[in-house]
Amino acid sequence: MASVLQTQRCVVEIGGIPIWLRTDDEQFLHTLRQRYGGFLSSSRPEFELEFDLSSAGPVSDDDVRLRRDGADWVLERGDFQARWNPLSGRGRVRQNPNPYALDSVLRILHSLILAERGGFLLHAASAICDGKAYLFSGVSGAGKTTLTRLAPPDITLLTDEISYIRGLKNPGHASDYQACGTPFCGELAKAGENCAAPVSALFFLEQGPENRVDELSPSDAMRRLMRNILFFAEDPALVEKILATACDFVSRVPTCRLMFYPDARVWDRIRQFEGVPVHV
Amino acid sequence: MSETYVARSSAIAARMLAGEMMVMNSMDSTFFTLNEVATAIWQAADGRTPLREIVRTRICEQFDIDPEQAEKDAEQFVAELSQHGILLVSPEPLGDPHPQEKP
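Keeping their order, the protein sequence lines are chains A and B. Quick note: the first sequence uses our numbering, first residue 2, plus one each step. Quick note: the second sequence uses our numbering, first residue 858, plus one each step.
It is worth saying that the hints were derived from the structure and are not from the lab. The model shown is predicted, which means the values in this text are computed figures rather than measured ones. A couple of the hints might just be wrong.
Across the chosen pairs, the derived CB separations fall in these ranges [claimed, not checked]: (1) 68/A x 933/B: 30 to 40 Å; (2) 75/A x 910/B: 13 to 23 Å; (3) 269/A x 909/B: 55 to 65 Å; (4) 209/A x 941/B: 48 to 58 Å; (5) 919/B x 207/A: 46 to 56 Å; (6) 278/A x 929/B: 42 to 52 Å.
Covered by chain B, according to a simulated footprint, are these stretches of chain A (three or more residues, beta-carbon under 8 Å) [as the list claims (entries may be wrong)]: (7) 195 to 202; (8) 220 to 226.
Glycine residues also receive a C-beta, built at the ideal position from the N, C-alpha and C atoms.
The following block holds chain A by itself, in its conformation from the complex (with noise of 0.2 Å):
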């Protein structure tokens, strides 16, 4: 009995946080393990989801919906519904067996777990350079995709959609941030790296006829940021410290405009970044 559980387990920790995805389905047990494969993990799961694959909603671009019911988070969209209890830290997701339900699922837990720990889901690729990570962010055209094509053999890819990013609070220290992997996808169709790095600097994107970084003031700096947070909820509490951390990020980290030229030699130039955060 202790090994059917065993082999059934399907623990995915993205960025330090381990989610046990429960289920009794062995098809939809093995859709996760290849979805998440890179992200599976033995750690001791800090929650739990558990999953009824009885609904029969179609696969939905809709948006999300998402409300506080007393304690729980109630999240809906045409393809899923969900309840999350953040004190017990365990869920019950009703979803078809399609795993985009279950990617925008987990989307929206991470991004409450981060709003509390002091991080965000940001849209933006990111990769690891020199021990470095970098985040590129910018609406749908932008250039993301084909900045991470661009990218050469050493650079370690740890999204092209979705970038976790992660706070770390060193009591009596200065604060940094961490990019980490998600095995969140856009038009690359593939996963990112299941590894994390310090963020050097954050870039908005934009193609043009030259490779060139131009400082952003910090209102504009955060403007741009707030607007490629992902952020589902209405709750005071939580966008009080979406705001925090965001203003906090902009003051520790480098945050540029990146115009870029689509051949590799813009990589160069992200090699050749020095930056300093915007003057606060």
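Model the placement of chain B on the given structure of chain A, informed by the hints.
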């Protein structure tokens, strides 16, 4: 002449960064940055001080701006932020305002 009273909404989060106020509405996640003058009005919006007095004591004196122009600009600023639910506006004094922003 009737007075206008302004107070910060309780549904917003606000932080100072590099001398400018970052304001976010928790109801619809809209985000604003306020310049120095707008920040001064925002900070003085306690629901009890008339807008005209805020402009006179906090804006004209500190920023050396023509009072008539300052009042027009302040009214426009207040109207814009009240449309987004960031500021509450009333011809009567308002109740206990939202606590001060975090540093």
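Determine which of the earlier numbered hints do not hold for this structure and return their numbers in increasing order.
Hint check: 2, 4, 5, 6, 7 fail, others pass.
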